[in-house]
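2 protein chains.
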Amino acid sequence: MTTTVDFILTNALVLTMDEELKQFPSGAVAVLGDSIVAVGTADEIAQEYTANETFDCGGKILMPGLVNAHTHVPMTLLRGLADDLRLDVWLMGYMMPVEREFVSPEFVRLGTSLACAEFIRSGVTTFCDMYYFEEEVAKATTEAGLRAVCAQTVLKFPTPDADSWEDSLALARGFIERWKDHSLIVPSVAPHAPYTCTDEILRATADLAVEFDVPLHTHLAETALERENMRNEQGMPVIPYVKKQGLFEAKVIAAHCVHIDLGEMRTMLRAGVGVAHNPSSNLKLASGFAPVPQMLEVGLNVGIGTDGPASNNDLDMFEEVRLASFVAKAVSNDPTAVPAPLALSMATRIGAKALHIGHLTGSLESGKRADLILVDVTPVHNSPRFQRDPHNAYAQIVYASKSTDVSDVMVNGKWLMRSHELLTLNEAELLAQARETAAQIDAFLINREQSVLRKLIALGGSMEQESFELQVKVKLEDQSIVLSNIKNPEITITAYKHYRQFDNYFSFEDPSQGRLRFREDELIDAKGNVVGVRSRLTLLGPREDKFDHDVLLSRSRFLAPATHTLRFYREYFKPVGEEVIQKDRLRWHIKYKDTEFFVNLDTMEKPELGKFLEIKSRTWSRKDAEHKAELALELIAILGAIGGETMSQDYIEVISER
Amino acid sequence: MTTTVDFILTNALVLTMDEELKQFPSGAVAVLGDSIVAVGTADEIAQEYTANETFDCGGKILMPGLVNAHTHVPMTLLRGLADDLRLDVWLMGYMMPVEREFVSPEFVRLGTSLACAEFIRSGVTTFCDMYYFEEEVAKATTEAGLRAVCAQTVLKFPTPDADSWEDSLALARGFIERWKDHSLIVPSVAPHAPYTCTDEILRATADLAVEFDVPLHTHLAETALERENMRNEQGMPVIPYVKKQGLFEAKVIAAHCVHIDLGEMRTMLRAGVGVAHNPSSNLKLASGFAPVPQMLEVGLNVGIGTDGPASNNDLDMFEEVRLASFVAKAVSNDPTAVPAPLALSMATRIGAKALHIGHLTGSLESGKRADLILVDVTPVHNSPRFQRDPHNAYAQIVYASKSTDVSDVMVNGKWLMRSHELLTLNEAELLAQARETAAQIDAFLINREQSVLRKLIALGGSMEQESFELQVKVKLEDQSIVLSNIKNPEITITAYKHYRQFDNYFSFEDPSQGRLRFREDELIDAKGNVVGVRSRLTLLGPREDKFDHDVLLSRSRFLAPATHTLRFYREYFKPVGEEVIQKDRLRWHIKYKDTEFFVNLDTMEKPELGKFLEIKSRTWSRKDAEHKAELALELIAILGAIGGETMSQDYIEVISER
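In order, the protein sequence lines correspond to chains S and W. Reminder that position 607 of the first sequence reads as 607 in this note's numbering, one-by-one numbering, no gaps. Reminder that position 356 of the second sequence reads as 356 in this note's numbering, one-by-one numbering, no gaps.
Chain S on its own, in the form it takes in the complex:
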């Protein structure tokens, strides 16, 4: 008596990828409904089962589908948008501005469908995602028929899908409630990373994950900077810190873990944390080399992920598996490290365990879901084939197979690809839609890149726009007379500061773009100590006008706090020239005849141009400017600098003309 099943896949080299790495050189798998009912030799299966459909695998390798343990699938639509940039320039200069502009439910659905097509073609049957509008990711994924852990992102900043973290958390809760019993989707919540979340967010997301017993997906210890900042700010490394916030009470999936030590690994092991190692991303973004051999040695479940396709730039798990092995060998100086069978286990059984769904998928075993792929190992790039050692088959897959060698894919007992033909997605239509989105993004960026101002605005953050400033500057031999005359009763001092000002001026090919100034002020107290630092970014437009006595009406200005480093702005704006000015400044904010002025006493230190008195005031109209110009000249007289040599140019103009 035989049992009837839906499918028998036979005449395959079956790699079960189970704990014992059982292989069946002439093997078969029986599938009933969504699950595997038996794995064995072709003969055994034929004796015990009758199938509604028998599929001859033609000697190909039949193995579990690959598990992509960490990605951001909608970012397929940003693939190749900007490369070879430092992380901050890439993320804050390109990814986030474009995401702010374009990410919508439609964008997320399209990007996910595109990713699913790539996944199916390349033998991935399960992925673990983190993005915005994650419910749309889940919907598109189920339409494609793939299995996924889908995590709704929560950040301390506004996101494309929420104005506040509380809104994001509410999105996550609703999503988890609606999807927690789905056959393909495991809903999840994703506090993005310790440095983009508050303690409160870490706590709240962990509570949510525990409440529904769903995984929590996050980025941990990706860069050396993250680790150093954590040490400086919290006095401890990343892992103890998040543990302290209660994060590890949830079933955590931790992406990256590049900069962790042995003690942290043990902490993670005790907490049952799964790790997603992303070799391409770690290399391409120069994040470092994750201590994969040690993590495995400690006993952690280390899966392999592609990370988002904008930092990879594809979703090819065959490439990642190979790299995981290669990099482990090179970094540990041991060519026997992470051998092929282990690397492939990380991308299947161990990866599924890292995602806390090891009971569902990751190996061909009776009772697990039927998530499986066929790989042709006979193409010329993988020939000939040796059979002496059972490890030969893993080496073929890991070291020479290409994702394009995957011919057939089944998930949850349902075929998604047969003989390279996608069955659940209209690839041509998706590609056409993606081209359209790309053209819009291209247009947005091309427009932005033409203008320094628009690039500045694209960075986001608070910003003041369009102001005009009137200024007059007089060279002084001696500052003491001004220091005494500032006490004149006609002058009301409302504020006083002493600081050293460091200015970096970027100039551009097109002078009409103006100059961009990165300004850093060191505030100095009465004792001469530096008591504070602030930096600002100012876009200086071309000069507007000049009045009598070298009173200048300068320039449309755009002011923003400089939240990034000078290096960031240099790489982002790509100036053709750069000038540095350093000065010591005494600055008074005063009122004179009910009008506000700034009085600056400057000592130019670099270059050594001498000492100056500068009177400045904001202005809004030509008429107002003319009035203030008169007042400014009166102030010059009151302050005793009349007769001094006036200067018809701003410091930077003097310098750049030298």
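Treat the hints as calculated values from the structure; they're not laboratory data. A few of these clues could be false.
A pair holds if it fits inside one copy or across any two, identical chains being indistinguishable in the list.
[As the list claims (entries may be wrong)] Below, in silico cross-link-like pairs of lysine to aspartate or glutamate (DMTMM-like), each with a Cα-Cα straight-line distance of 20 Å or less:
| # | residue 1 | residue 2 |
| --- | --- | --- |
| 1 | 606 | 650 |
| 2 | 616 | 521 |
| 3 | 497 | 521 |
Fit chain W to the given chain S structure using the hints.
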């Protein structure tokens, strides 16, 4: 008036990969005979040229074919044979024994043809090879229609194609003479590496290369061990050493260069040495991270190679280009290092220059040979496509294209592949032949792996086989009586040694395989100083017989000098058990009644078993053994050890039974 050409390839995004990285978004290339006559916009080319055949590229990327700067193509037939092993085990345990057995002109031709099929499919139009029977490589390559620098290997050891280095050199000379004017092949000579060549070989091969003005291809500074050995043995690093031998008088192509410093780079630059960087191989064999950004900074021409397909395990240059960029970024901690345009230049124009054939190939420029490929960048794994930045196209190729996206390949003005169809090779036939060869190699290794003896023999080197030994062993409380009685006039002492013996015994699952002993002797002089070390490998068969008084007839022995480390043998033989014995031994070679014996006075130090007198003699027959057994017992008496407790087992048997 238009000029008539053979082909116009039009409607392509043309990446010329010339010095200025000129691109033509809607471009065309005109080909006449073997060469490119013009590259420009589709409109320009259409106006100036009329073609016998116009090829619509359908918007694909048209670019120069890739240059694989270092490989060993016939090793396609050894791909995936043995992986995840340390370099010495892999090379001396597997590659070299199999090469000794299988490498023939036929093997080389088949392996080359197979490699050429893979090259064409993956967009490689030029490669730089080093192997045995190199003229066969050249023949198979010209049949396939590819361009190559083919270097005949010269080694200080016998090779599959020559019994001595002089023979190899003669092969190289003949090959160069016959092929030096070939349109596709640049013949070359390959002193394999400094550590596998003598000074004389380095000198002679350089002279040969200079005589014919052909490149010289070699491996330099691949591993840290090579560098350290060179420092220890020659008192200088690798590059100064080979320069001293005159190697750099030739046009050198240096593979690897992983362990070189800035001074060495400058030396190489002055000598015009081209470098072949092999990222996959360096990672997989854990050789280290080549200082690629520094080499490029210094101004060296650094090409990219796959190395042999047995250490890669494929010939996929798309993968190598991506890895070259990835690894450079990660190691220099700078994600802007080796950006996509530079990585792709290394695999095209710069690579050709590294091979000293930059005038022939590597970029799409008028006058160069028509070596070009079409790449489809519209598949789902490479969609969408951005056009804002000219670098987007390079990023697409480097970070997301797969070798399988190459659809058409032309070399020297001749199509080798159209729409994924190979035009010069019968792939199915090659694959069938490769399967046959693989089956033979499998059988050879399966047979070998069943027997420790055969594995030992497969290592090669000198070896004594099949001897029998008779021994009797008596426990002593005091050695002084033996030390005095050894001077007995009936005993003629022919030699005496004092040494400390360290034995490592490997045992195997099947006890009938015997035990393998790795023995290291420290020779000790009269003052107690260690004055020499030697190591030997002995396969000890099972006990043969036992005579009266515990005289043992032991065991078929196979002796070989232990030219590798203990670690090598451990990884190669994979013993199931390992025991360590350490003893201090006084050893006399004596004659007694015209018969040779060894008299050993042993103090067992590890484990502390006590002191023993051992009498041993080689024997060849049962009768001879019986006679010697009697004499041995007489010697025991003469030496004054009669009545001592005899021992019926060898030390290792005592220990392993405890």
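Inset, instruction - Tell me, please, which holds for residue 606 and residue 650 at an alpha-carbon limit of 20 Å: within, between, both or neither? - result: within (14 Å within a copy, 86 Å between copies)
Inset, instruction - With 20 Å as the alpha-carbon cut-off, assign the pair residue 497 and residue 521 to within, between, both or neither. - result: within (11 Å within a copy, 81 Å between copies)
Inset, instruction - Go through the copies and call it for residue 616 and residue 521: within, between, both or neither, with a Cα cutoff of 20 Å. - result: Intra 18 Å, inter 89 Å, cutoff 20 Å: intra-copy only.
When held up to the earlier numbered hints, the structure conflicts with none and fits them all.
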